[in-house]
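Visitor: Residue strings, one per chain:
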Amino acid sequence: MFDRLSFPQPWLSLILFVIWQFLSDGVSGGSVVLGLILAWGIPQMTQAFWPERPTFFKSWRMPAYLLRVLFDIVVASFQVAKLILSPRKPRPMFVSYPLELEQPLAITILASTISLTPGTVSVDVSDDNKLLLVHALDAENSDEVIETIRTRYEKPLLEMFE
Amino acid sequence: MITIALYLTIGMVTLAALLNVYRLIKGPDAPDRVLALDTLYINAIALIILLGITLGTRMYLESALLIAVMGFVGTVAMAKYLKRGSVIE
Amino acid sequence: MSQFAEYAICLLLLTGGAFTLIGAIGLVRLPDFYTRLHGPTKATTLGVGAIILSSVIYFSSRDGGIGISEILVTVFLFMTAPVSANIMAKAAMHIGVRTVENTEGKPWDQ
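Protein chains in written order, with the numbering used here: chain A, 189 to 350; chain B, 657 to 745; chain C, 159 to 268.
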């Protein structure tokens, strides 16, 4: 198991190290040593849960995408709040969304984005990673939902993961 | 001014927690109850943060972090139990 | 504490509390499980995010520095909210929770 002193998941190790520094109230000698031990040990021990090599993507495009998502989360909350407080009944709808993305990580990011943004929650992915089941809280028709997700979120992700 | 806003907010979050408890008791299905518990722990985090501001101390933040982690694990475990009939396969 | 920080804290606290309350009202009012899922994943997450942000501003304007633990809690909440919503929806789909009559389309039966 501990066959060599390597970092099989470099990004995970880096994130673990940085978070440990944040958690331990300021950087000191002890926190750096313990952080390094954790950054080495946790990826080694969880190696069995990472079946694939880490996928590389154009991560410099990520901040712009995250800003867009953050803005949409605020808008989404206002829309949901308005809908919850208004007396009319919502028109919920299940939509099967045909995925263009292929990498599991990209699909995970898309599904999480969908769950946090206006009026939609992702429910399930089909076994062959081709369809995403989305529940819309209040939708006129399914094409509209698909179109919004396609242009607003999947396009930038496609560019990122090419 | 902050004190008034603080007490108003604590009132709103407490009311929200009570509404969650109503959904927790009423159900009608098991996933509804899991959802109510999930929302309840997020409200608990909000209340702890508000308590920290009221008392002017940062001590409670660690417990908020712990509740966030444990609550998430609990929600996933319960949802997995409902889906598969066991937590660890 | 500056006047501006005070207004910002009050505004964030009240919006946060309002969103948390609205999420809970949604949990009580909406008709079926899948619609109820929307309230907590969006409104409550943002509400708690706003409350934590007000705490960050409060402590940093009182004794300087930025609270990292608060930001960690926020990031963690925003990352876990969609995951727990997704896994609960999957569980509900497996059990076959009743949906409200005017729902268009159906969940799959895998």
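Be a bit skeptical, because a hint or two may be false.
Calculated lysine-lysine pairs in the BS3-like style (CA-CA distance at most 27 Å, straight line) [stated by the list, open to error]:
(1) A:Lys277 to B:Lys682
(2) A:Lys246 to A:Lys318
(3) A:Lys277 to A:Lys343
(4) B:Lys739 to A:Lys270
(5) B:Lys682 to B:Lys736
(6) B:Lys682 to A:Lys318
(7) A:Lys343 to A:Lys318
(8) A:Lys318 to B:Lys739
(9) B:Lys682 to B:Lys739
Note that these hints are calculated values from the structure, not bench results.
Visitor: Are the hints correct? Go through all of them and say.
Guide: Verification of the supplied hints:
{"no.": "1", "hint": "A:Lys277 to B:Lys682", "in the structure": "holds (21 Å)"}
{"no.": "2", "hint": "A:Lys246 to A:Lys318", "in the structure": "holds (23 Å)"}
{"no.": "3", "hint": "A:Lys277 to A:Lys343", "in the structure": "violated (32 Å)"}
{"no.": "4", "hint": "B:Lys739 to A:Lys270", "in the structure": "violated (32 Å)"}
{"no.": "5", "hint": "B:Lys682 to B:Lys736", "in the structure": "holds (22 Å)"}
{"no.": "6", "hint": "B:Lys682 to A:Lys318", "in the structure": "violated (37 Å)"}
{"no.": "7", "hint": "A:Lys343 to A:Lys318", "in the structure": "holds (16 Å)"}
{"no.": "8", "hint": "A:Lys318 to B:Lys739", "in the structure": "holds (22 Å)"}
{"no.": "9", "hint": "B:Lys682 to B:Lys739", "in the structure": "holds (21 Å)"}
Taken one by one, the earlier hints fail for this structure at numbers 3, 4, 6, listed in ascending order.
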